[in-house]
Amino acid sequence: MQGIASIDRQKHQQGISMKFGIIVFPGSNCDRDMQWVAQGILKQPTRMVWHEDSDLSDIDIVVVPGGFSYGDYLRCGAIARFSPAMKSTVEHAKASKPVLGICNGFQILTEAGLLPGALVRNANLHFVCDRVPLTVERNDLIWTKNYSQGQTITIPVAHGEGRYHADDDQLKRLEDNNQVVFRYSKGENGDSANPNGSCNDIAGICNEQGNVMGMMPHPERASDAVTGSTDGLALFEGLVKTLVAA
Amino acid sequence: MTQYQAKIYVTLRPSVLDPAGTAVETGLQHLGHDGIEGVRIGKYVELKLAAENEDAAKQKLDQVCDQLLANPVIENYRFELAAA
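The listed protein sequences correspond, in order, to chains A and B.
So for the first sequence, the numbering used here puts the first residue at 12; every next one is plus one.
So for the second sequence, the numbering used here puts the first residue at 2; every next one is plus one.
For the record, the hints were derived by calculation from the structure and aren't laboratory data.
The reader is advised that the hints may include incorrect statements.
[Stated by the list, open to error] Lysine-lysine pairs mimicking DSS-like chemistry, simulated, CA-CA at most 30 Å apart:
#1 A:K98 x B:K61
#2 A:K98 x A:K30
#3 A:K30 x A:K54
#4 B:K8 x B:K59
#5 A:K105 x A:K252
#6 A:K98 x A:K197
#7 A:K98 x A:K54
#8 A:K98 x B:K59
#9 B:K59 x B:K49
#10 A:K98 x A:K156
#11 A:K105 x B:K61
#12 A:K197 x A:K105
#13 B:K49 x A:K98
#14 A:K156 x B:K8
#15 B:K59 x B:K44
[Stated by the list, open to error] Reference excerpt, derived from the structure (chain A facing chain B, CB under 10 Å, subset only):
#16 R43
#17 G82
#18 D83
#19 R86
#20 F93
#21 P127
#22 A129
#23 S159
#24 A204
#25 G208
#26 N211
Glycine included, each C-beta is placed from N, C-alpha and C at the ideal position.
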């Protein structure tokens with residue numbers, strides 16, 4: 012991957028693998044789902060990183076999971092952003108290493124300034140808990156290598172504040188730079204599956220370099236066949252495969 | 002050092018849709034209150050702070066609002082300051 016730091020392969024010499032670090036805040040509730048995918052399904056070394064822990068030096072891939080960090084007081088992700096683990100996550104991202112934010116994790120990454128824009132109250136005020144079709148906008152990222160461009164995948168969403176908002180200039184920059192990774196799909200009749208009123212049907216974006224991605228839908232909840240779908244597993248499998256090969 | 006009392010108002014930027022405000026506006030109309038429009042819901046924060054003088058207190062409040070109390074991507078803020 013262009014621009015993505017090559018992972019220190021020496022420490023993975025015995026059986027090449029990628030170490031996941033999953034940040035755990037008070038109020039996180041998707042951390043163990045993510046752990047199951049990383050450790051249980053993908054058989055990758057995985058460490059749960061308590062929010063007070065600032066050492067991420069052993070971690071290749073940082074995942075900021077879903078939930079309600081610190082009760083989402085003030086604004087979603089506003090307080091989590093100042094935790095020691097997040098300060099190290101920002102350093103991790105600045106070193107061009109992979110950072111994935113899912114749902115509340117996406118909100119935290121925008122609050123931390125790692126991704127542009129903000130997530131606000133769903134336009135219809137409802138908490139949406141559903142499976143939605145997403146269109147993969149680009150497959151040249153570490154996150155989407157296992158998908159094809161334009162592919163439609165079905166991934167669960169569960170959020171009350173998932174409406175992506177950015178001003179017109181910022182939206183134009185996102186589109187011009189191809190930073191939209193996933194969009195809520197449009198059906199054959201032209202109706203959008205957009206469940207929350209997001210600008211430009213945005214479901215997930217990356218930073219300019221592509222090493223940081225945030226998305227409201229939950230790929231970790233569509234990775235084990237027992238949950239009804241494995242459309243999300245390709246994201247994690249592709250990620251590990253791409254990084255190992257880098 | 003002087004003790005100050007601050008009242009901080011955080012509001013959504015005009016360009017950001019406020020569905021909760023719209024819902025309240027509709028509710029008011031259903032109650033028969035005519036002529037009400039432009040309902041926007043924001044946040045109100047009170048805090049006490051110690052500072053050398055009013056300018057220093059204002060500077061401190063700007064920092065606090067920019068860093069945490071408001072998200073400049075979606076929100077504006079203003080505050081009132083009085084010696085406590």
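Hints and how they fare:
1. A:K98 x B:K61: holds (22 Å)
2. A:K98 x A:K30: holds (19 Å)
3. A:K30 x A:K54: holds (10 Å)
4. B:K8 x B:K59: holds (12 Å)
5. A:K105 x A:K252: holds (22 Å)
6. A:K98 x A:K197: violated (37 Å)
7. A:K98 x A:K54: Satisfied, since the Cα-Cα distance of roughly 28 Å is no more than 30 Å.
8. A:K98 x B:K59: holds (27 Å)
9. B:K59 x B:K49: holds (12 Å)
10. A:K98 x A:K156: Holds, because 28 Å separates the two Cα atoms, which is no more than 30 Å.
11. A:K105 x B:K61: The given pair, whose Cα atoms are some 28 Å apart, holds under the 30 Å limit.
12. A:K197 x A:K105: violated (35 Å)
13. B:K49 x A:K98: Given pair B:K49, A:K98 holds - Cα atoms ~28 Å apart, limit 30 Å.
14. A:K156 x B:K8: Measuring from Cα to Cα gives roughly 50 Å; hence the hint is violated.
15. B:K59 x B:K44: Holds. B:K59 to B:K44 sits at ~19 Å (cutoff 30 Å).
16. R43: violated (29 Å)
17. G82: violated (15 Å)
18. D83: Violated, about 13 Å.
19. R86: It holds, given that the least Cβ distance between A:R86 and chain B is near 6 Å, below 10 Å.
20. F93: holds (8 Å)
21. P127: holds (8 Å)
22. A129: holds (4 Å)
23. S159: With a minimum Cβ separation of about 33 Å from chain B (threshold 10 Å), the hint on A:S159 is violated.
24. A204: With a minimum Cβ separation of about 19 Å from chain B (threshold 10 Å), the hint on A:A204 is violated.
25. G208: holds (7 Å)
26. N211: violated (14 Å)
In this structure, the hints that do not hold are numbers 6, 12, 14, 16, 17, 18, 23, 24, 26, in rising order.
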